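Number of protein chains: 2
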Amino acid sequence: MPYFDTASAAPLHPVARQALLAALDEGWADPARLHREGRRARLLLDAARQAAAEAVGCRPDELVFTPSGTHAVHLGVTGAVAGRRRAGRRVTVSAVEHSSVLHAAEAAGDLIEVPVDRGGRVLLDAFAGALTADTALAALQSANHEVGTEQPVAEAAVACRAAGVPLLVDAAQSLGWGPVAGDWSLLTASAHKWGGPSGVGLLAVRKGVRFAPRGPVDARESGRSPGFENLPAIVAAAASLRAVRAEAATEAARLRALVDRIRARVPALVPDTEVVGDPERRLPHLVTFSCLYVDGETLLHELDRAGFSVSSGSSCTSSTLTPSHVLTAMGVLSEGNIRLSLPPGTTADDVDRFLSVLPGVVTEVRERLGATGAATGAGADPEEADAAELVVDALGKLCPIPVIELAKVIGRVRVGGVVRVLADDEAARLDIPAWCEMRSQEYLGESSTPAGPSFTIRRTT
Amino acid sequence: MPYFDTASAAPLHPVARQALLAALDEGWADPARLHREGRRARLLLDAARQAAAEAVGCRPDELVFTPSGTHAVHLGVTGAVAGRRRAGRRVTVSAVEHSSVLHAAEAAGDLIEVPVDRGGRVLLDAFAGALTADTALAALQSANHEVGTEQPVAEAAVACRAAGVPLLVDAAQSLGWGPVAGDWSLLTASAHKWGGPSGVGLLAVRKGVRFAPRGPVDARESGRSPGFENLPAIVAAAASLRAVRAEAATEAARLRALVDRIRARVPALVPDTEVVGDPERRLPHLVTFSCLYVDGETLLHELDRAGFSVSSGSSCTSSTLTPSHVLTAMGVLSEGNIRLSLPPGTTADDVDRFLSVLPGVVTEVRERLGATGAATGAGADPEEADAAELVVDALGKLCPIPVIELAKVIGRVRVGGVVRVLADDEAARLDIPAWCEMRSQEYLGESSTPAGPSFTIRRTT
Chain A
82 MPYFDTASAA PLHPVARQAL LAALDEGWAD PARLHREGRR ARLLLDAARQ AAAEAVGCRP
142 DELVFTPSGT HAVHLGVTGA VAGRRRAGRR VTVSAVEHSS VLHAAEAAGD LIEVPVDRGG
202 RVLLDAFAGA LTADTALAAL QSANHEVGTE QPVAEAAVAC RAAGVPLLVD AAQSLGWGPV
262 AGDWSLLTAS AHKWGGPSGV GLLAVRKGVR FAPRGPVDAR ESGRSPGFEN LPAIVAAAAS
322 LRAVRAEAAT EAARLRALVD RIRARVPALV PDTEVVGDPE RRLPHLVTFS CLYVDGETLL
382 HELDRAGFSV SSGSSCTSST LTPSHVLTAM GVLSEGNIRL SLPPGTTADD VDRFLSVLPG
442 VVTEVRERLG ATGAATGAGA DPEEADAAEL VVDALGKLCP IPVIELAKVI GRVRVGGVVR
502 VLADDEAARL DIPAWCEMRS QEYLGESSTP AGPSFTIRRT T
Chain B
82 MPYFDTASAA PLHPVARQAL LAALDEGWAD PARLHREGRR ARLLLDAARQ AAAEAVGCRP
142 DELVFTPSGT HAVHLGVTGA VAGRRRAGRR VTVSAVEHSS VLHAAEAAGD LIEVPVDRGG
202 RVLLDAFAGA LTADTALAAL QSANHEVGTE QPVAEAAVAC RAAGVPLLVD AAQSLGWGPV
262 AGDWSLLTAS AHKWGGPSGV GLLAVRKGVR FAPRGPVDAR ESGRSPGFEN LPAIVAAAAS
322 LRAVRAEAAT EAARLRALVD RIRARVPALV PDTEVVGDPE RRLPHLVTFS CLYVDGETLL
382 HELDRAGFSV SSGSSCTSST LTPSHVLTAM GVLSEGNIRL SLPPGTTADD VDRFLSVLPG
442 VVTEVRERLG ATGAATGAGA DPEEADAAEL VVDALGKLCP IPVIELAKVI GRVRVGGVVR
502 VLADDEAARL DIPAWCEMRS QEYLGESSTP AGPSFTIRRT T
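One line per chain: the protein sequences are A and B, in this order.
Sequential numbering from 82 applies to the first sequence in the working numbering.
Sequential numbering from 82 applies to the second sequence in the working numbering.
Keep in mind that the hints are not guaranteed to be accurate.
Distance windows between CB atoms, simulated [claimed, not checked]:
hint, chain 1, residue 1, chain 2, residue 2, range
1, B, 167, A, 167, 30 to 38 Å
2, A, 521, B, 288, 52 to 60 Å
3, A, 304, B, 288, 30 to 38 Å
4, A, 334, B, 288, 53 to 61 Å
5, B, 120, A, 350, 22 to 30 Å
Selected chain A positions facing chain B (in silico; Cβ < 8 Å) [to be verified]:
hint, residue
6, 92
7, 109
8, 115
9, 117
10, 385
The set of hints was computed from the structure by calculation and includes no laboratory data.
Remember, predicted model here, so these are calculated numbers, not experimental data.
Ideal placement from N, C-alpha and C gives every residue a C-beta, glycine not left out.
When you get a sec, could you build the whole thing from the sequences and use the hints?
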């Protein structure tokens, strides 16, 4: 049963499991104590820090362990912003950072989001231009967690250095594949993303970076991460990071070829599908696409029934009814969104089985939603195509219904005519323009009416 | 090799180990995901929450898991104080709370410390009297972590309820022995104190208690504890809490008898030793004593060499050179301090071996410090005992030297005469009065001189 959601949590690497078991026996005591059990725990902690620092590319005394990647980000952002209190409060980030970075920046200062291109890559000039004199911190992920796009971290670091602003790199998705290039100031990561255990994050703060830990005083981890060290998990995290790094080059090449196959085959097999994210500058194991006229949750459930575990950035699969902020920032379709993140060891056979199952699943969901005609362009009787303007009332209807309704009527206005879609689902704001882009129709914009938002589309073909 | 430091970290309970291993295979995925691995993780998380809530005595939706007991305290104190912002900023606590409580209270509001008696028990009337209209939160531990004294939590809860102030109970040391009695509002605990794994704390917040989580927004654990859940450790924590509770009554009775034996035998075997903490209202497995004319670090090392792992609240064993704030608040001796906290399964033979080794170790350390004469009262030639006043210059000398010097000269002043000890070691402020109490001499107080603090003692016997 292929598990294709390693970007959420990777299955435990065998080395992590072995190290964890060994450390349960040797590393349960308090490393701050002077007795033999405490000293043994301290030795394990020191060795794990040394190994993790080598993999990160920093000094051991620059690295602390945290209880999760989220904690690393929260502690890193708040500590760095507090350390630069005199400079100002602005925290400049790409618009596609992980929510933990966005929320930490909002809590610590004034969040400034820099746009990305349609591939999800931050606009470097805009990023550099946002590094004002009152910028306390900049943050840029090494690679995006939803679409796999690699960010220009080294170039951003040069711009940050020139502006005198520290750069925090969230390396959660990439650290298992290799160290982060460039002259970063702070780095965060999460062990369960590379096959380590849950319960361990990394926070590296380069010497010389101003850093003022916030929150209650605590002596653990150089005063930068409070609470009793989760030593067995830390030992397992460090051991597994070395192990996945040893396999990284081979595995990256293998998975990259499998993802290339998915990127090429999905649009060929499933009509009205968009593969999103940068096709070249990307993580080796991650690919995301969106399917028109399908809701992500149903798609996810049907794939789950067929034996494939995937995730989705569609609004209907989250508790917020808001589409992924990453897809929103990229301006790409969010409906019927599927992210595949392949764990090491994924075979070509796993991928081929997925490719053989996907078209049927999508077709079935589209049929159930009455969208087959819309998807194929049928249902548009050329003889009826004479209206100058049609209004579709999709108020109160959730993604993907507004887009399906739009697709159904577009053939009934003449070329040059317009369709107005009334829709209050948050996803419509993203998906209607994205549909226009995919179907080569012209999106004229959004206006507000007493009943709710109205989106206007001009038929061009 | 007996390990007597279970109050720092308990060895992993076999049930915790089994549960952890099982959950490594079943519970590594993200419980927020909809696929089968995610749903399986969610089931494990729900079951663990149900089990832990039963053991705590609260509803499952009142309980969240945190990465450590320290995190539970930090999140609980800051959230409760923020929730009561309109009432005021005062945080009323006993003076012997764990440092995590003191530091969280300092960070979240204005810390008000209520004194304890010489046994370490908070003065209940003073505690109730400190619950002013502008008190946001009160905190009282269920039992003290350094001396084992149980606190009057149920009575304090009544006083808090009458004053309309929520009570947070730090139950880190006692939760394995049983639920906390009384009408508390918030409760915190730490799994590795009861034989669970490191990486798990508990925070319970009763329905109706005003609570406003601080820090960056995060959806995990009802928005009260950020970061990816450490599920295998959570499962192991819940399973082991049930397991230790099943054994608690039997094990408590057995260990209580062993501790009674230590409490009775240590003063008989080792002269000039004080057993501290409440002799009756105490944890079953924990006992603390202090030995005059010995430094804690050397004692700890010698016991370690003899095969016994213990801890110490003496100043010289910490990096701060400050004696334990618990011993300071109690006004008891801090030099030569040893805490024994017996893990389940400790045998009478383990304890007897300790009792057979301790006297020799203390005597040897005293001899090395030239304190044997002082300890026995020898070296005081009655014919010389005619001075009305003597001054001892112990400036720059660390614990226990100032007390040893005092003991050496007290016999050389006449009864009614005084000794002045110049000493700038922080521990002298605690240990000189404690020595007077133990040796029935009169402590006249401290004054400041240009050279440093001066302590005055009148010889009475």
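Taking the hints in turn, this is what the structure says about them:
{"no.": "1", "hint": "B:167 to A:167: 30 to 38 Å", "in the structure": "holds, 32 Å"}
{"no.": "2", "hint": "A:521 to B:288: 52 to 60 Å", "in the structure": "holds, 56 Å"}
{"no.": "3", "hint": "A:304 to B:288: 30 to 38 Å", "in the structure": "holds, 35 Å"}
{"no.": "4", "hint": "A:334 to B:288: 53 to 61 Å", "in the structure": "holds, 55 Å"}
{"no.": "5", "hint": "B:120 to A:350: 22 to 30 Å", "in the structure": "holds, 28 Å"}
{"no.": "6", "hint": "92", "in the structure": "holds, 6 Å"}
{"no.": "7", "hint": "109", "in the structure": "holds, 5 Å"}
{"no.": "8", "hint": "115", "in the structure": "holds, 6 Å"}
{"no.": "9", "hint": "117", "in the structure": "holds, 6 Å"}
{"no.": "10", "hint": "385", "in the structure": "holds, 5 Å"}
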